[in-house]
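Chain order of the listed sequences is A and B. Just so you know, we're using this note's numbering here: the first sequence kicks off at 75 and counts up by one. Just so you know, we're using this note's numbering here: the second sequence kicks off at 75 and counts up by one.
A portion of the hints provided could be inaccurate.
[To be verified] The calculated label-pair distances, taken between Cβ atoms and stated as ranges, are:
{"#": "1", "chain 1": "B", "residue 1": "Lys155", "chain 2": "A", "residue 2": "Asn347", "range": "54 to 64 Å"}
{"#": "2", "chain 1": "A", "residue 1": "Thr142", "chain 2": "B", "residue 2": "Glu144", "range": "47 to 57 Å"}
{"#": "3", "chain 1": "B", "residue 1": "Asp127", "chain 2": "A", "residue 2": "Ala269", "range": "52 to 62 Å"}
{"#": "4", "chain 1": "A", "residue 1": "Thr142", "chain 2": "B", "residue 2": "Glu318", "range": "31 to 41 Å"}
{"#": "5", "chain 1": "B", "residue 1": "Thr142", "chain 2": "A", "residue 2": "Gly395", "range": "45 to 55 Å"}
{"#": "6", "chain 1": "A", "residue 1": "Gly284", "chain 2": "B", "residue 2": "Ala149", "range": "19 to 29 Å"}
{"#": "7", "chain 1": "A", "residue 1": "Leu321", "chain 2": "B", "residue 2": "Glu144", "range": "33 to 43 Å"}
{"#": "8", "chain 1": "B", "residue 1": "Thr133", "chain 2": "A", "residue 2": "Glu260", "range": "38 to 48 Å"}
{"#": "9", "chain 1": "B", "residue 1": "Asn136", "chain 2": "A", "residue 2": "Ala269", "range": "36 to 46 Å"}
{"#": "10", "chain 1": "A", "residue 1": "Glu259", "chain 2": "B", "residue 2": "Ser353", "range": "25 to 35 Å"}
{"#": "11", "chain 1": "B", "residue 1": "Lys335", "chain 2": "A", "residue 2": "Ala269", "range": "44 to 54 Å"}
[Stated by the list, open to error] Below, computed lysine to aspartate or glutamate pairings styled on EDC-like, alpha-carbon distance capped at 16 Å:
{"#": "12", "chain 1": "B", "residue 1": "Lys155", "chain 2": "B", "residue 2": "Glu168"}
{"#": "13", "chain 1": "B", "residue 1": "Lys209", "chain 2": "A", "residue 2": "Glu326"}
{"#": "14", "chain 1": "B", "residue 1": "Lys262", "chain 2": "A", "residue 2": "Glu314"}
{"#": "15", "chain 1": "B", "residue 1": "Lys262", "chain 2": "A", "residue 2": "Asp104"}
{"#": "16", "chain 1": "A", "residue 1": "Lys262", "chain 2": "B", "residue 2": "Glu326"}
{"#": "17", "chain 1": "B", "residue 1": "Lys348", "chain 2": "A", "residue 2": "Asp125"}
{"#": "18", "chain 1": "B", "residue 1": "Lys210", "chain 2": "A", "residue 2": "Glu326"}
{"#": "19", "chain 1": "B", "residue 1": "Lys268", "chain 2": "A", "residue 2": "Asp223"}
{"#": "20", "chain 1": "B", "residue 1": "Lys346", "chain 2": "A", "residue 2": "Glu326"}
{"#": "21", "chain 1": "A", "residue 1": "Lys210", "chain 2": "B", "residue 2": "Glu326"}
{"#": "22", "chain 1": "A", "residue 1": "Lys210", "chain 2": "B", "residue 2": "Glu318"}
{"#": "23", "chain 1": "A", "residue 1": "Lys262", "chain 2": "B", "residue 2": "Asp248"}
{"#": "24", "chain 1": "B", "residue 1": "Lys262", "chain 2": "A", "residue 2": "Glu144"}
{"#": "25", "chain 1": "A", "residue 1": "Lys209", "chain 2": "B", "residue 2": "Glu314"}
{"#": "26", "chain 1": "A", "residue 1": "Lys346", "chain 2": "B", "residue 2": "Glu144"}
{"#": "27", "chain 1": "B", "residue 1": "Lys210", "chain 2": "A", "residue 2": "Glu318"}
{"#": "28", "chain 1": "A", "residue 1": "Lys209", "chain 2": "B", "residue 2": "Glu318"}
{"#": "29", "chain 1": "B", "residue 1": "Lys350", "chain 2": "A", "residue 2": "Glu326"}
{"#": "30", "chain 1": "A", "residue 1": "Lys101", "chain 2": "A", "residue 2": "Asp127"}
{"#": "31", "chain 1": "A", "residue 1": "Lys350", "chain 2": "B", "residue 2": "Glu326"}
{"#": "32", "chain 1": "A", "residue 1": "Lys94", "chain 2": "A", "residue 2": "Asp125"}
{"#": "33", "chain 1": "A", "residue 1": "Lys262", "chain 2": "B", "residue 2": "Asp223"}
{"#": "34", "chain 1": "A", "residue 1": "Lys126", "chain 2": "A", "residue 2": "Asp104"}
{"#": "35", "chain 1": "A", "residue 1": "Lys209", "chain 2": "B", "residue 2": "Glu326"}
{"#": "36", "chain 1": "B", "residue 1": "Lys209", "chain 2": "A", "residue 2": "Glu314"}
{"#": "37", "chain 1": "A", "residue 1": "Lys348", "chain 2": "B", "residue 2": "Glu326"}
{"#": "38", "chain 1": "A", "residue 1": "Lys268", "chain 2": "B", "residue 2": "Glu326"}
Bear in mind the hints are in silico, worked out from the structure with no lab data behind them. None of these values were measured; they are calculated from a predicted model. In this text, a Cβ means the ideal position worked out from N, Cα and C, and glycines have one as well.
Protein chains: 2
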Amino acid sequence: MINIALDVMGGDNCPQCNLKGALEALKSDDEIILHLYGPEDIISSEIASWDKDVRSRVTVVNAQEVITTEESPAAAVRKKKNSSIVMGARAVREGRCDALVSAGSSGAVLAAGQLIVGRLPGVHRPPLASMIPTKKGFKLFLDLGANVDARPEWLVQFALMGKLYMQRVQNIPDPEIRLMNLGVEEEKGNALTKAANELLRARSDMNYAGYIETRDVIFGGADVIVADAFTGNAVLKTMESTVEFVLGILKEVLKSSLSTKLAALAIMGPLKNKMKEFSSAEQGGAMLLGLNGLVMKCHGNAEELDIKNAVLKSARFIREGTGDIIREAFAAENTVR
Amino acid sequence: MINIALDVMGGDNCPQCNLKGALEALKSDDEIILHLYGPEDIISSEIASWDKDVRSRVTVVNAQEVITTEESPAAAVRKKKNSSIVMGARAVREGRCDALVSAGSSGAVLAAGQLIVGRLPGVHRPPLASMIPTKKGFKLFLDLGANVDARPEWLVQFALMGKLYMQRVQNIPDPEIRLMNLGVEEEKGNALTKAANELLRARSDMNYAGYIETRDVIFGGADVIVADAFTGNAVLKTMESTVEFVLGILKEVLKSSLSTKLAALAIMGPLKNKMKEFSSAEQGGAMLLGLNGLVMKCHGNAEELDIKNAVLKSARFIREGTGDIIREAFAAENTVR
Chain A
75 MINIALDVMG
85 GDNCPQCNLK
95 GALEALKSDD
105 EIILHLYGPE
115 DIISSEIASW
125 DKDVRSRVTV
135 VNAQEVITTE
145 ESPAAAVRKK
155 KNSSIVMGAR
165 AVREGRCDAL
175 VSAGSSGAVL
185 AAGQLIVGRL
195 PGVHRPPLAS
205 MIPTKKGFKL
215 FLDLGANVDA
225 RPEWLVQFAL
235 MGKLYMQRVQ
245 NIPDPEIRLM
255 NLGVEEEKGN
265 ALTKAANELL
275 RARSDMNYAG
285 YIETRDVIFG
295 GADVIVADAF
305 TGNAVLKTME
315 STVEFVLGIL
325 KEVLKSSLST
335 KLAALAIMGP
345 LKNKMKEFSS
355 AEQGGAMLLG
365 LNGLVMKCHG
375 NAEELDIKNA
385 VLKSARFIRE
395 GTGDIIREAF
405 AAENTVR
Chain B
75 MINIALDVMG
85 GDNCPQCNLK
95 GALEALKSDD
105 EIILHLYGPE
115 DIISSEIASW
125 DKDVRSRVTV
135 VNAQEVITTE
145 ESPAAAVRKK
155 KNSSIVMGAR
165 AVREGRCDAL
175 VSAGSSGAVL
185 AAGQLIVGRL
195 PGVHRPPLAS
205 MIPTKKGFKL
215 FLDLGANVDA
225 RPEWLVQFAL
235 MGKLYMQRVQ
245 NIPDPEIRLM
255 NLGVEEEKGN
265 ALTKAANELL
275 RARSDMNYAG
285 YIETRDVIFG
295 GADVIVADAF
305 TGNAVLKTME
315 STVEFVLGIL
325 KEVLKSSLST
335 KLAALAIMGP
345 LKNKMKEFSS
355 AEQGGAMLLG
365 LNGLVMKCHG
375 NAEELDIKNA
385 VLKSARFIRE
395 GTGDIIREAF
405 AAENTVR
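Start from the sequences, fold in the hints, and give me the full structure.
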């Protein structure tokens, strides 16, 4: 059985969406045991109507405190020992759970991952990784915001973790890895990308194909795209806001006259369907890799489907033994170097 | 009169588009004298049909060499002394021209700016700056790719140059300046943004309003947005490719059935008109600021309108004395510090 801690009080739509997503995940995968962290009274009354069969795979863990997005993450994680995030992270650390899923404060989830769940031996830093929608399907993009001021050797480790993830969870035998850069020419780049590129070129255990230009990320130019957290985050946020911006312009145009309003009737359905292919809800949340257990962070505005898929993706990650594979790889890494 | 050097052989559409753009600029602004750098025989035959009046404001300077995008920029700039880029840059350096406009190799244009035109006294590095389309109109975004591995004090200088540009050329008396960052909270950021933020906060001569989140750049969250070249370039390229990506999806949807094809007839015209508001052609090219003269780099795929506007914008920059204002500000900067 797979034990997953769910932060019931995380995100804008808690607790209802989180609990609905939990229920759907439990129904879809009967190997999942969910540990629901939050105020016991609220959770118990909400899940009272669930089927007995499903409820037999649920425990409620009373976590009275909530870390808000306004608090300083590291301080809050240290202080609020009875918060759902901290208690869930402790359960992962102590092996009672295999993964923590939360749509709560990003900073607090990252801090709890690093400070409480803790890094695997040999791992410099845990990258935040996510499957992002591209023209060629979903690709793994990391680090999306966990470790600013990265060092070259961290990026090499991110590449290795990305490779193992794509092999185990996405069934891609030999994922192509690229490093995000200003251009693809070897002489281009900053000190970090140049040094990381050299280290990656020297590795024989990865299908490293060199640089990828930023503009090619959204066109799906590699299976694993490695960047430092500052740039990775900037690119991801820009993609999201530019999509919003262009769709906003389209909506204005569609509302501008009678003929465009009629046209809107014909295209909005197919367009929404098409955009669903690029919805990240299917992919669950973003993952902190390289820890003593999986930490999955969902969007703050996560809905039922996001939570459901985050739980299912976490279960798949665990079932495939991805964490163990990463642990072994870094134990070996340690011995060799 | 304003003397502008135009690289006739730069870009994918040279020499025709460059010369057509040149002609249009000459017609629109009779204070412009254009110095056309490229193979004399080709240029002379192309401009033979131009009006006498216009031709009286044109000189042709024979530049037989061309620097290609495949060449290593700095090496090519050092070696190809008879290339249009190098000869044009030398004319600016020596005061024979006030500005160089080129759609040629980006690397070579940047290198020629730094190595030949040269920095103004007191300027650490010349940023590449461009007016980018946002929801709230065009805003100045810099550094877009000139100086990787930036130092905090460089970013402060970029902010000051941005302020002076917006005041002189865009007539914004007190432009709001923001530093691009992972988040707006003071504790967020990498070592570079944190240090630059502190330096900027200490300045009383700029309307510095703190951080701007990457996602808010395209929504026009400030008049001047300052970033290091690596991240600035990544964000700009991501905006461009994401727009292309979303419009590509829309086109697929519009082609998907008879009813969407009919809808396309109604919306493509208004949509194209709307998108023109966001066309960067109106803004000319990207500018290297802080040099002994202006260097303007147009897109490699620049068309007639881009070249025309790049020349007109350069003329405006010079007419407003923007370069002199920057020169004076940095001379004062030097004396004070």
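Hint check:
{"no.": "1", "hint": "B:Lys155 to A:Asn347: 54 to 64 Å", "in the structure": "59 Å, holds"}
{"no.": "2", "hint": "A:Thr142 to B:Glu144: 47 to 57 Å", "in the structure": "54 Å, holds"}
{"no.": "3", "hint": "B:Asp127 to A:Ala269: 52 to 62 Å", "in the structure": "58 Å, holds"}
{"no.": "4", "hint": "A:Thr142 to B:Glu318: 31 to 41 Å", "in the structure": "38 Å, holds"}
{"no.": "5", "hint": "B:Thr142 to A:Gly395: 45 to 55 Å", "in the structure": "51 Å, holds"}
{"no.": "6", "hint": "A:Gly284 to B:Ala149: 19 to 29 Å", "in the structure": "21 Å, holds"}
{"no.": "7", "hint": "A:Leu321 to B:Glu144: 33 to 43 Å", "in the structure": "38 Å, holds"}
{"no.": "8", "hint": "B:Thr133 to A:Glu260: 38 to 48 Å", "in the structure": "40 Å, holds"}
{"no.": "9", "hint": "B:Asn136 to A:Ala269: 36 to 46 Å", "in the structure": "44 Å, holds"}
{"no.": "10", "hint": "A:Glu259 to B:Ser353: 25 to 35 Å", "in the structure": "29 Å, holds"}
{"no.": "11", "hint": "B:Lys335 to A:Ala269: 44 to 54 Å", "in the structure": "52 Å, holds"}
{"no.": "12", "hint": "B:Lys155 to B:Glu168", "in the structure": "15 Å, holds"}
{"no.": "13", "hint": "B:Lys209 to A:Glu326", "in the structure": "12 Å, holds"}
{"no.": "14", "hint": "B:Lys262 to A:Glu314", "in the structure": "20 Å, violated"}
{"no.": "15", "hint": "B:Lys262 to A:Asp104", "in the structure": "41 Å, violated"}
{"no.": "16", "hint": "A:Lys262 to B:Glu326", "in the structure": "35 Å, violated"}
{"no.": "17", "hint": "B:Lys348 to A:Asp125", "in the structure": "53 Å, violated"}
{"no.": "18", "hint": "B:Lys210 to A:Glu326", "in the structure": "15 Å, holds"}
{"no.": "19", "hint": "B:Lys268 to A:Asp223", "in the structure": "11 Å, holds"}
{"no.": "20", "hint": "B:Lys346 to A:Glu326", "in the structure": "13 Å, holds"}
{"no.": "21", "hint": "A:Lys210 to B:Glu326", "in the structure": "15 Å, holds"}
{"no.": "22", "hint": "A:Lys210 to B:Glu318", "in the structure": "15 Å, holds"}
{"no.": "23", "hint": "A:Lys262 to B:Asp248", "in the structure": "36 Å, violated"}
{"no.": "24", "hint": "B:Lys262 to A:Glu144", "in the structure": "13 Å, holds"}
{"no.": "25", "hint": "A:Lys209 to B:Glu314", "in the structure": "15 Å, holds"}
{"no.": "26", "hint": "A:Lys346 to B:Glu144", "in the structure": "42 Å, violated"}
{"no.": "27", "hint": "B:Lys210 to A:Glu318", "in the structure": "15 Å, holds"}
{"no.": "28", "hint": "A:Lys209 to B:Glu318", "in the structure": "11 Å, holds"}
{"no.": "29", "hint": "B:Lys350 to A:Glu326", "in the structure": "14 Å, holds"}
{"no.": "30", "hint": "A:Lys101 to A:Asp127", "in the structure": "9 Å, holds"}
{"no.": "31", "hint": "A:Lys350 to B:Glu326", "in the structure": "14 Å, holds"}
{"no.": "32", "hint": "A:Lys94 to A:Asp125", "in the structure": "13 Å, holds"}
{"no.": "33", "hint": "A:Lys262 to B:Asp223", "in the structure": "12 Å, holds"}
{"no.": "34", "hint": "A:Lys126 to A:Asp104", "in the structure": "13 Å, holds"}
{"no.": "35", "hint": "A:Lys209 to B:Glu326", "in the structure": "12 Å, holds"}
{"no.": "36", "hint": "B:Lys209 to A:Glu314", "in the structure": "15 Å, holds"}
{"no.": "37", "hint": "A:Lys348 to B:Glu326", "in the structure": "9 Å, holds"}
{"no.": "38", "hint": "A:Lys268 to B:Glu326", "in the structure": "38 Å, violated"}
Comparing the model with each numbered hint stated earlier shows that hints 14, 15, 16, 17, 23, 26, 38 do not hold.
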